[in-house]
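Starting from the given sequences, assemble the full structure and let the hints guide the process.
Read top to bottom, the protein sequences are chains A and B. For what it's worth, my numbering labels the leading residue of the first sequence as 1, then goes sequentially. For what it's worth, my numbering labels the leading residue of the second sequence as 1, then goes sequentially.
Watch out, some of these pointers could steer you wrong.
Label-pair distances were calculated between CB atoms; the ranges are [said to hold, decoys possible]: (1) 15/B <-> 18/A: 48 to 56 Å; (2) 19/B <-> 73/A: 38 to 46 Å; (3) 94/B <-> 68/A: 20 to 28 Å; (4) 42/A <-> 106/B: 15 to 23 Å; (5) 70/A <-> 19/B: 39 to 47 Å; (6) 14/A <-> 57/B: 39 to 47 Å.
Hints are computed from structural coordinates only; laboratory data are not their basis. Quick caveat, the model's predicted, so the values are computed rather than measured. Glycine included, every Cβ here is placed at the ideal spot set by N, Cα and C.
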Amino acid sequence: DAGVIQSPRHEVTEMGQEVTLRCKPISGHNSLFWYRQTMMRGLELLIYFNNNVPIDDSGMPEDRFSAKMPNASFSTLKIQPSEPRDSAVYFCASTQRPGTGELFFGEGSRLTVL
Amino acid sequence: DAKTTQPNSMESNEEEPVHLPCNHSTISGTDYIHWYRQLPSQGPEYVIHGLTSNVNNRMASLAIAEDRKSSTLILHRATLRDAAVYYCILGQAGTALIFGKGTTLSVSS
Numbered sequence: 001d002a003g004v005i006q007s008p009r010h011e012v013t014e015m016g017q018e019v020t021l022r023c024k025p026i027s028g029h030n031s032l033f034w035y036r037q038t039m040m041r042g043l044e045l046l047i048y049f050n051n052n053v054p055i056d057d058s059g060m061p062e063d064r065f066s067a068k069m070p071n072a073s074f075s076t077l078k079i080q081p082s083e084p085r086d087s088a089v090y091f092c093a094s095t096q097r098p099g100t101g102e103l104f105f106g107e108g109s110r111l112t113v114l
Numbered sequence: 001d002a003k004t005t006q007p008n009s010m011e012s013n014e015e016e017p018v019h020l021p022c023n024h025s026t027i028s029g030t031d032y033i034h035w036y037r038q039l040p041s042q043g044p045e046y047v048i049h050g051l052t053s054n055v056n057n058r059m060a061s062l063a064i065a066e067d068r069k070s071s072t073l074i075l076h077r078a079t080l081r082d083a084a085v086y087y088c089i090l091g092q093a094g095t096a097l098i099f100g101k102g103t104t105l106s107v108s109s
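Have a look at this one:
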């Protein structure tokens, strides 16, 4: 299996622009997570999907952030409008057994908002 | 959420064993103990996890105290490639893993 696939790997955009990050989880994994990592705040959980349904979105910073999982093989994290403080590395992860099994991370999408 | 406490940093020499401690005094009976590590400029990667018994795999060993209030990740022979941030995390079935600050391990040659 190719692992968790994220795109784009790098994105540079200007404040106010819409940003869409994409994730393809490992086939057969029913749980998907979006995390954000910055030097200041470390690795933060943004949202957790199980069987394509959002289970916990308490970590989503504000209304500018939205995440969807239209099917078992694809998820998006959208920021609109983007702000410089959204600059971070965004990781997607998936697993068959949330909380009790191995969590597989993608390589991350590094976002820079100017 | 049950919390873990880890030292901010540790140092080791190459080819020596490393024992990374983690305290989780408020652990519940259904909490699994997970260890992940994050190499520079990479995403976190799974190291090992367990519930009650000690666990071994090709990367490391996990020693869990009898009362489960602490655990130790053991790297048997550190290499330069093991320099990373190591996270000890408690997880319950059906929940997301919440990462703390972890322990930054430095390895010297």
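Would you list, in rising numerical order, the hints stated earlier that this structure does not obey?
none
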